[in-house]
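**Q** Use the sequences and the hints to build the structure in full.
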Amino acid sequence: MIDTPRITLAQGNGGRLTKELIDTVFLRHFGQPEDHDGLDAAALPLSPDLETVVTTDGFSVEPLEFPGGDIGSLAVHGTVNDLAVCGATPLFLTLGVMIEEGLPLDQLNRIVESLAIAAHRAGVRIVAGDTKVLPIGHGGGLYLTTTGIGQRPPSVRMGMGQIESGDVILVSGPVGDHGISVMLAREAFELSGSVRSDSGSVAPLCLPIADFDGVRFLRDPTRGGLATVAHEIAQGCGLDLILSEADIPVRDAVRSVCEILGYDPYYLACEGRVVAAVAPQIAEQVLTFWQSLPEGAGAARIGIVGDAGKARDRQVGGKVCLITALGGQRVLDPLEDDPLPRIC
Amino acid sequence: MTAPASTERARALLAKIHALPLTREVRVMNVCGGHERSISMAGLRAVLPSQITLIPGPGCPVCVCPEEDIFAAIDLSQRPEITLVTFGDMLRVPANVPKGTPRSLEAARAAGGDVRPVASPAEAVRIARQEPDREVVFFAAGFETTTAPVAAMIAEGVPTNLTLLLSGRLTWPAVTMLLNSEAAGFDALIAPGHVATIMGPEEWDFVARDHALPCAIAGFEAESLLAGLLSVLEQGLEGEARVDNCYGGVVRPEGNPTARRLLGETLNVVDAPWRGIGTIQRSGFALAPAHAGLDALSRHSIDRSQLRKRAGEMPPGCDCARVVLGRIAPDQCRLYGAACTPRSPIGPCMVSDEGACRIWWSSGIRERRGDVVDA
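Just so you know, the sequences run in chain order F and L.
According to the working numbering, the residues represented by the first sequence are 1 to 344, in order.
According to the working numbering, the residues represented by the second sequence are 1001 to 1375, in order.
Hints were generated in silico from the structure; no laboratory data involved.
Please note: incorrect hints may appear among the correct ones.
Some chain L residues flagged as far from chain F (calculated, every beta-carbon gap over 10 Å) [claimed, not checked]:
| id | residue |
| --- | --- |
| 1 | Gly1034 |
| 2 | Arg1109 |
| 3 | Gly1264 |
Simulated crosslink set (SDA-like; lysine to any residue; CA at most 25 Å straight-line) [stated by the list, open to error]:
| id | chain 1 | residue 1 | chain 2 | residue 2 |
| --- | --- | --- | --- | --- |
| 4 | L | Lys1016 | F | Ser244 |
| 5 | F | Lys319 | L | Pro1342 |
| 6 | F | Lys19 | F | Arg157 |
| 7 | L | Lys1016 | F | Gln329 |
A quick note: this is a predicted structure, and the numbers were derived from the prediction, not measured.
Virtual Cβ for every residue (Gly too), placed ideally from N, Cα, C.
**A** What follows is the structure, given as structure tokens:
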């Protein structure tokens, strides 16, 4: 094997080598800022008529690259999506990079290029950044942190508190693709699959509907999957969620891997889906709109907010019931441990 | 995306089961955590006729792993030169230890031990190769399906710094023990699909032949489980007893000959202890003499006879042994949902994803049943 150039500690010392790394890897893909005047911080042209929304997220994934994405695209989509589900148009990102000594330079280049492409597609500019190199053994290859800044019209008023009994729960596409894609890329399960991560921006799904009357709440199900978001909603609004297993979209390939390894697809991470709680009068309209977009082609109505008779109790919170495909019923619990493959 | 065709077929099977002229209670045992999980997660108990009782039996390898093995693993993990790798489920299994010592591998890790979860034997080998200066001990608990890849690993040859704490068990001897006991507690058996895939369906012939009980081998989807259930119920009504293979696409006669050959070449079948249950004849895997050098206890000078003294000790009040044997349902244990929950488990059945208590809890059963059965 030809030894490819690798990241060294010296490239994180803040001197010439660091500048070279930034120029040849990061700025090469992001482009030189037009208005760069040597300052240590970026001034942002934000509109005074809009609300400014900010979010931050750290990213670590093993392996760094997987079918359908990599940590670079993930770091853009994860943060952009957190803005989008709040109804904010993603505008700017900052990027913190922690590289473990020894990471192949080629791989870093691929990931940064992918990050730049994802940012370009999502319409966000990377306005500030930082690079550090950690000694070998002190990091999982590469960690990224992105902070996202977006703006939204003041008319957007979503929140769990607005959810009412009888509201409809929608999901924008099949669940579990990202979780299975990463798992198959990570573990030598000797299962070959065609599952690609759903890593992508959900802004096109969220922004056009965010200020609709009757769109109560949007959330992207990432770690912990659909079940965890459903649980957060039930806890947050104090009402029960009743989901119908037969209506929850899960790809056949994801279902098969789950059958073999004993995973529950509802707990697997997604990186390009949205769960919505909407008023029943507009459920069909939102669903039709989602299904008309490539990002929402597999959208489905998966449940309702129930328990009309029960008083809303935010202290106790609601629970999530799943009506199984055979008509049975069970509770979907919050995730306790990381899902593990079964051993029998 | 519509409901998969298998759901439609499952609904049809359910209708057939409802049409059966069942007049008395039929108790059907499964012996696989995967089966119990599928049953619970599909909510099958609620949609079956009330005469049918589905009983989770000895189907959780983590739950039956003897306490002395967990002690040994904890002990090994506290030695500075050792990296202990094991399947994730084993990390949280509590042991009944003297105060001041780690009560699980998770606690052992917090106390400074190098304990790492792995998903496969290949990962254990990879760690040993990548870190040749560490003594890597692979604590391998599991039934036939998990032990077969361990056998393959041994046959391929392992790095010299890798040894094994093997806690492999065979499923069928536990069923034999139940059937030979005074009251087996079930009228029909759903045999485990994965085990039969490796060992062959013939291994289960004894259920019908020697004990005249209906038996069916089933897979893990609701459809396959319902097909197995329909088969044993029909057999019962017709007064028949045979082993029906309802996982035909996957389970072949003779099982997987390569896996069986590797198991036979590298491991011996021996009498082995089951946690809280005692020794079951010819129910465990042990390293064959040719591979005795891979034994972690010998390599690291741990005295087996000292460990043996721990045998049979269970945490006070823990009824996991009777849960494993299907003598009581999970929610009939005094500790269920009260002192024992997934967050602070007392017994192994509340720890493992294969454990009946954990599965019942995950499916939403939160309260102890009124009719607690005393030991």
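**Q** Hint by hint, note whether the structure agrees.
**A** We went through each hint and held it up to the structure:
no.	hint	in the structure
1	Gly1034	6 Å, violated
2	Arg1109	14 Å, holds
3	Gly1264	21 Å, holds
4	L/Lys1016 - F/Ser244	23 Å, holds
5	F/Lys319 - L/Pro1342	18 Å, holds
6	F/Lys19 - F/Arg157	44 Å, violated
7	L/Lys1016 - F/Gln329	20 Å, holds
Going down the numbered hints, you'll see the structure goes against 1 and 6, while the others check out.
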